[in-house]
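Residue 1230 is where the sequence shown starts when you use this note's numbering, and the numbers rise one by one after that.
Hint data in this document are derived by calculation from the structure and do not stem from the laboratory.
FRET-style restraints, in silico, Cβ to Cβ:
1. Ala1285 / Pro1235: 20 to 30 Å
2. Glu1316 / Cys1266: 15 to 25 Å
3. Glu1233 / Pro1263: 34 to 44 Å
4. Arg1287 / Ala1323: 16 to 26 Å
5. Glu1316 / Val1280: 24 to 34 Å
6. Glu1233 / Asn1281: 29 to 39 Å
7. Ile1324 / Glu1300: 25 to 35 Å
8. Gln1277 / Cys1319: 20 to 30 Å
9. Arg1327 / Gly1297: 39 to 49 Å
10. Thr1241 / Arg1311: 10 to 20 Å
11. Met1230 / Gly1297: 42 to 52 Å
12. Ala1276 / Arg1320: 17 to 27 Å
13. Pro1325 / Arg1242: 28 to 38 Å
No experiment lies behind these values; they were computed from the predicted model shown. Built from N, CA and C at the ideal position, the CB exists for glycine as well.
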Amino acid sequence: MLPELPRLPALTRAEGALVDRYLETVDLLGRINPARCTDTYSALRAAQALVNTAKALREALELMYERGELEVHGAALVRALRVLDGERRCRLPAIPVRPL
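Full structure from sequences and hints, please.
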């Protein structure tokens, strides 16, 4: 039996889209990372997808702004990122630390 995951905080639809698109962007950057990728074709495909994901990320932020959501509620968004495994996923675009 799997452990119960923490609940996502209440987010507006635009905030949810922001979190989702941000994590998609991070995932794609991890696939492009020269320190982690193993072939150019998969990195190329990720780079091509990154264009559309970045556009969707921009659109989520534009929607928030147009709706009057002028503040980013960091605490709620950080909780959402943690529930969605954001800490691990955000390490993928970084250069791996060499073992000492």
